[in-house]
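Participant: One-letter residues, chain by chain:
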Amino acid sequence: MLESWPAIADGIAGVLLVLGASLSTVAGIGLFRFPDQLSRMHAGTKPQVLGLLLVLLALAFAWRAWVWVPVLVLAWVLQMLTAPVSAHLVGRAGYRTKHLKREMLYTDELADVVASHDDQGRPAATADQRTVPQPDPTDHRGRD
Amino acid sequence: MSVLEIAGYISLALLAAGGVAAIYRIVVGPSILDRAIATDVLLIIISSALCVEMAVNHHTDNIVFVVVASVIGFVGSVTLSRFVAERRKEPVEHA
Numbered sequence: 504m505l506e507s508w509p510a511i512a513d514g515i516a517g518v519l520l521v522l523g524a525s526l527s528t529v530a531g532i533g534l535f536r537f538p539d540q541l542s543r544m545h546a547g548t549k550p551q552v553l554g555l556l557l558v559l560l561a562l563a564f565a566w567r568a569w570v571w572v573p574v575l576v577l578a579w580v581l582q583m584l585t586a587p588v589s590a591h592l593v594g595r596a597g598y599r600t601k602h603l604k605r606e607m608l609y610t611d612e613l614a615d616v617v618a619s620h621d622d623q624g625r626p627a628a629t630a631d632q633r634t635v636p637q638p639d640p641t642d643h644r645g646r647d
Numbered sequence: 002m003s004v005l006e007i008a009g010y011i012s013l014a015l016l017a018a019g020g021v022a023a024i025y026r027i028v029v030g031p032s033i034l035d036r037a038i039a040t041d042v043l044l045i046i047i048s049s050a051l052c053v054e055m056a057v058n059h060h061t062d063n064i065v066f067v068v069v070a071s072v073i074g075f076v077g078s079v080t081l082s083r084f085v086a087e088r089r090k091e092p093v094e095h096a
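Chains as they are written, first to last, in our numbering: chain A, 504 to 647; chain B, 2 to 96.
Chain A on its own, in the form it takes in the complex (with noise of 0.2 Å):
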């Protein structure tokens, strides 16, 4: 078992790095088939967290070396936290420029809350002033 040790791991980093470069031609796939911007993050996430993480295992294997892990550890925790922030603020513009098939969605939640406030954000007291936006440069409150 020792002996065929190094054999074994040069296998399966090899499983593991066709896996995850598969999760990345599945993600071109998508990109390129995919008929609007939602459906289109849903393929584009696909490489950024389990194709890396199986890309960083393979590397794992093929260096066999634990001084090297908390740098593949640290890479995967890095595009863990910064994944999701910035595919949920991709997908919020996205929402608010319209760029969506309305048609495609089964539910939308979002909808009552931006269509209750107005754009700086405050609930929309009548429907005359949602109608009629007053643009206010120098107010930033509630742009997120």
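No wet-lab data here; the hints were simulated from the structure.
Glycine included, each C-beta is placed from N, C-alpha and C at the ideal position.
It is possible that part of the hints are untrue.
[Unchecked claim] Have a look at the derived ranges for each label pair, beta carbon to beta carbon:
1. A/Tyr598 with B/Tyr25: 21 to 31 Å
2. A/Lys601 with B/Tyr10: 36 to 46 Å
3. A/Arg599 with B/Asn63: 49 to 59 Å
4. B/Val72 with A/His620: 45 to 55 Å
5. A/Val588 with B/Val65: 21 to 31 Å
Use these hints to put chain B onto chain A, whose structure you have.
Facilitator: Structure of chain B alone, referenced to chain A:
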């Protein structure tokens, strides 16, 4: 040719296919947010290709780029989406 080298060639072919599709979406993509998503995918494909090369050749030269690339992609897509959200609020009198 070892098992790891064969797996490396297959992986690089798969990554190249995904990269071509991502570049197509960057060129065609109707909105700037589609281009942001495709650029994120392209960045992760590039760092995956670096990982494949490091695994096949058994060296650790490029792991720093793989760590930094995730942060760079985060800053890029967050900046782009903020830019789009700000542009939306400008008055459009010439539309």
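Participant: Hint by hint, say whether it matches the structure.
Facilitator: Evaluated hints:
1. A/Tyr598 with B/Tyr25: 21 to 31 Å: At 24 Å between Cβs, range holds.
2. A/Lys601 with B/Tyr10: 36 to 46 Å: The hint (36 to 46 Å, Cβ to Cβ) holds, given that A/Lys601 and B/Tyr10 are roughly 44 Å apart.
3. A/Arg599 with B/Asn63: 49 to 59 Å: violated, 38 Å
4. B/Val72 with A/His620: 45 to 55 Å: violated, 32 Å
5. A/Val588 with B/Val65: 21 to 31 Å: holds, 22 Å
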